[in-house]
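Residue numbers (the numbering used here), protein chains in the order written: chain Y, 3 to 410; chain Z, 3 to 410.
To be clear, the hints were calculated from the coordinates, so they are not data collected in a lab. A portion of the hints provided could be inaccurate.
Claimed, not checked - In silico DSS-like links for lysine-lysine, alpha-carbon gap of 25 Å or less:
hint: 1; chain 1: Z; residue 1: K170; chain 2: Y; residue 2: K4
hint: 2; chain 1: Y; residue 1: K147; chain 2: Y; residue 2: K222
hint: 3; chain 1: Z; residue 1: K165; chain 2: Z; residue 2: K222
hint: 4; chain 1: Z; residue 1: K4; chain 2: Y; residue 2: K170
hint: 5; chain 1: Z; residue 1: K240; chain 2: Z; residue 2: K222
hint: 6; chain 1: Z; residue 1: K170; chain 2: Z; residue 2: K240
2 protein chains.
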Amino acid sequence: MKPVGPIPAGYDTIAGELAIGGKRVSELVAEAGRTPLFVYSRSHLDARVAELRAAMPRRMGLNYAVKANPHPDVIAYMASLVDGFDIASSGELAMCAAAGIDPRRISFAGPGKRDDELEAAIAAGVTLNCESEGEGARALAIGQKLGTAPRIAVRVNPSFEMKGSGMKMGGGAKQFGVDAERVPELARHLIENGAEWRGLHIFTGSQTLSADAIVEAQGKVLDLAAELTDAIGHGCPKLNMGGGLGIPYFPGDTPVDLGRVGAALHARVADLPASLADTELCIELGRYLVGEAGVYLTRIIDRKVSHGVTYLITDGGLHHQLAASGNFGTVVRRNYPSAIATRYDDNPTESVNIVGCLCTPLDRLADNAAMPEAQVGDLVAVFCAGAYGATASPTAFLGHGPAAEMLV
Amino acid sequence: MKPVGPIPAGYDTIAGELAIGGKRVSELVAEAGRTPLFVYSRSHLDARVAELRAAMPRRMGLNYAVKANPHPDVIAYMASLVDGFDIASSGELAMCAAAGIDPRRISFAGPGKRDDELEAAIAAGVTLNCESEGEGARALAIGQKLGTAPRIAVRVNPSFEMKGSGMKMGGGAKQFGVDAERVPELARHLIENGAEWRGLHIFTGSQTLSADAIVEAQGKVLDLAAELTDAIGHGCPKLNMGGGLGIPYFPGDTPVDLGRVGAALHARVADLPASLADTELCIELGRYLVGEAGVYLTRIIDRKVSHGVTYLITDGGLHHQLAASGNFGTVVRRNYPSAIATRYDDNPTESVNIVGCLCTPLDRLADNAAMPEAQVGDLVAVFCAGAYGATASPTAFLGHGPAAEMLV
Numbered sequence: 003m004k005p006v007g008p009i010p011a012g013y014d015t016i017a018g019e020l021a022i023g024g025k026r027v028s029e030l031v032a033e034a035g036r037t038p039l040f041v042y043s044r045s046h047l048d049a050r051v052a053e054l055r056a057a058m059p060r061r062m063g064l065n066y067a068v069k070a071n072p073h074p075d076v077i078a079y080m081a082s083l084v085d086g087f088d089i090a091s092s093g094e095l096a097m098c099a100a101a102g103i104d105p106r107r108i109s110f111a112g113p114g115k116r117d118d119e120l121e122a123a124i125a126a127g128v129t130l131n132c133e134s135e136g137e138g139a140r141a142l143a144i145g146q147k148l149g150t151a152p153r154i155a156v157r158v159n160p161s162f163e164m165k166g167s168g169m170k171m172g173g174g175a176k177q178f179g180v181d182a183e184r185v186p187e188l189a190r191h192l193i194e195n196g197a198e199w200r201g202l203h204i205f206t207g208s209q210t211l212s213a214d215a216i217v218e219a220q221g222k223v224l225d226l227a228a229e230l231t232d233a234i235g236h237g238c239p240k241l242n243m244g245g246g247l248g249i250p251y252f253p254g255d256t257p258v259d260l261g262r263v264g265a266a267l268h269a270r271v272a273d274l275p276a277s278l279a280d281t282e283l284c285i286e287l288g289r290y291l292v293g294e295a296g297v298y299l300t301r302i303i304d305r306k307v308s309h310g311v312t313y314l315i316t317d318g319g320l321h322h323q324l325a326a327s328g329n330f331g332t333v334v335r336r337n338y339p340s341a342i343a344t345r346y347d348d349n350p351t352e353s354v355n356i357v358g359c360l361c362t363p364l365d366r367l368a369d370n371a372a373m374p375e376a377q378v379g380d381l382v383a384v385f386c387a388g389a390y391g392a393t394a395s396p397t398a399f400l401g402h403g404p405a406a407e408m409l410v
Numbered sequence: 003m004k005p006v007g008p009i010p011a012g013y014d015t016i017a018g019e020l021a022i023g024g025k026r027v028s029e030l031v032a033e034a035g036r037t038p039l040f041v042y043s044r045s046h047l048d049a050r051v052a053e054l055r056a057a058m059p060r061r062m063g064l065n066y067a068v069k070a071n072p073h074p075d076v077i078a079y080m081a082s083l084v085d086g087f088d089i090a091s092s093g094e095l096a097m098c099a100a101a102g103i104d105p106r107r108i109s110f111a112g113p114g115k116r117d118d119e120l121e122a123a124i125a126a127g128v129t130l131n132c133e134s135e136g137e138g139a140r141a142l143a144i145g146q147k148l149g150t151a152p153r154i155a156v157r158v159n160p161s162f163e164m165k166g167s168g169m170k171m172g173g174g175a176k177q178f179g180v181d182a183e184r185v186p187e188l189a190r191h192l193i194e195n196g197a198e199w200r201g202l203h204i205f206t207g208s209q210t211l212s213a214d215a216i217v218e219a220q221g222k223v224l225d226l227a228a229e230l231t232d233a234i235g236h237g238c239p240k241l242n243m244g245g246g247l248g249i250p251y252f253p254g255d256t257p258v259d260l261g262r263v264g265a266a267l268h269a270r271v272a273d274l275p276a277s278l279a280d281t282e283l284c285i286e287l288g289r290y291l292v293g294e295a296g297v298y299l300t301r302i303i304d305r306k307v308s309h310g311v312t313y314l315i316t317d318g319g320l321h322h323q324l325a326a327s328g329n330f331g332t333v334v335r336r337n338y339p340s341a342i343a344t345r346y347d348d349n350p351t352e353s354v355n356i357v358g359c360l361c362t363p364l365d366r367l368a369d370n371a372a373m374p375e376a377q378v379g380d381l382v383a384v385f386c387a388g389a390y391g392a393t394a395s396p397t398a399f400l401g402h403g404p405a406a407e408m409l410v
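Pulled out of the complex, with its shape left as it was, chain Y reads as follows (with noise of 0.2 Å):
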């Protein structure tokens, strides 16, 4: 027997039935038309933020990274609840003017901006962290020829990380950002030749679970971009801090004690350095408030014994999950939080595969896992599928098309 993840809180059943934003999961596939179908719940979007802001100092804004969970009703139901947005494309900027999100509120960072992607960003009025030397000068050469002043904050390559963070994005040689002992120079030659000096862009991790881990980060963050305004001597307008707040998905994770990185943040901000301020601060996230917010449902369409072992085979899978199916920078397959929906209530009565349709022994949902016996027509629920699910996925792999998508 393999565990499964812990299901994220805020999760009923009606009538032994997983229920979100109060309907049964039946209802909603029936709404939706078919399966697979991820749903996600705004009472978990608005509980997440709430969390966030009453444990952060009110200084202390929110922006939501676009690239956790582009869906057009996402985007647009978090331009009420967060400050700002972080886009990686132009693509992203084209999905948050759909949703009619003021540029001035989003900032594009991304260590590959094609030209064209300057120039509608410029042209926009968003804020580029930008990443290098030269997309600096690309940048200032696109200003000029729009007659535009570009709006441009340095994204830093910090000399340090985020301990325990899934993905490290400072400590060493990287392509994000600019090594922070070339900062200085930068900053100067972009806002002497023209730009609209934006500050300062420091990410250094993600998907962390350790407080401790995310307060020295953040401590870190805060000295270096007080050493950084200092030595660039022009002030800090704003101060993007990063992310790296993660969400448990595997069995033995527990979720961040925020209590502890807001009252640490508390302290910080309490006692800035004169080079901060006036300064703006942000944090960034994206799986942290939308991972848990997002239930992904699929159907069973054959059970089936093998040498003894019951698979249930789901018309979902990897094309849709890649990460549940440990294929996502994973070394080591754990089983993601999954359940059989439709039969929420019931208790585990044997060892079942969960695996998608598709034709290859990669498409594992769940393996070895304790759960109520399911027949031909349940739904299955993978749950933590609110980031990093449909969009980081293969859709096209096996010509099985996209799943549904459906916030309630």
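With chain Y held as given, fit chain Z onto it using these hints.
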């Protein structure tokens, strides 16, 4: 320095630049109008099929597994080269129909066929490779509803695997096919209840470079097919022996010794057991047919140094080439074959990291690779991009969209 994988044979240069189908890559990119671009080479497809036809017994049919590369032009071109097509979804059925392929040349495997997929396939006259007793019952019921005898083969889960295969499709509990000992009963049930009996499908593994392992597995497949056919008692109209022939991706990999595989098949086919005397034989290949025929071209948009490491940042990445990034079914990342396509004849002079444009450290195309000094605007080629590239990657990730594709 980390070596890159072996570049497939059959690529030329013109004026020092990589050429495909008699044109420089910069010309091809100009024709496509943009990068990133997948280029698929007709002459490579021709050559590979010719090698196979020369090596294999004439009696051995050649099927193309559409999932490897379902680009419409590739499917249409393969229709003139191969005998049959294997599909994995009704989406792939529609692609074959669009290419004008006779459904009677098509067989459909996949552990999770939905009822609407079974119906489409049965109505069209496609052969179902039946994966379970449950699927068999559904197929019979749909056949009755349609008034059509469903054409059905049984996919066998053999008790042996192909040794050294990248993905094992046999040898223990699997979600694929029916355990060998239950096949005779299921086959008889299908035949007695109105199915048009189409024989057996036995797939033992994929991506094997060892001729010995392939020969051994093919021998066992023939033995098993004969044994099952005797037990079923209705002959075996067709035997799909699966695929498994791999291509070299990584340093040290060497091509399959096709002569040896062919010679062993000649010997076996000349001495088939009586129960397979009239059986139509075929092998089913995807990656082996198209993998080396594809090149992924992406443009360098930044060149930067971080802590002494040089990064070439391209406009492509794992959203098109997930496997090359090392994030799809791989434990240890190794470098795919790659080159600076626009300086193809130059000697390597530096070590670089070639990365994609995505804002994630997972987005790597070549680590610490020896290359001639490349500048912004140069094109990078990643080889072995013809199979499981464009459609096996998360194209929506970060909003950059799909690459262009072109058959030349």
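K170/Z paired with K240/Z [C-alpha distance capped at 25 Å]: Status holds; Cα separation ~23 Å.
Is K240/Z within 25 Å of K222/Z, Cα to Cα? 16 Å, holds
Given the proposed pairing of K170/Z with K4/Y, does the C-alpha separation stay at or below 25 Å? It holds: about 22 Å lies between the C-alpha atoms, which stays within 25 Å.
Given the hint that K165/Z pairs with K222/Z, does the C-alpha gap stay at or below 25 Å? 12 Å, holds
Decide if the proposed pair is consistent with the structure: K147/Y and K222/Y, CA atoms, cutoff 25 Å inclusive. Not satisfied, since the Cα-Cα distance of roughly 38 Å exceeds 25 Å.
Quickly compare the C-alpha distance for K4/Z and K170/Y to 25 Å and report which way the hint goes. The given pair, whose Cα atoms are some 22 Å apart, holds under the 25 Å limit.
The structure does not agree with numbered hint 2 stated previously, though it agrees with all others.
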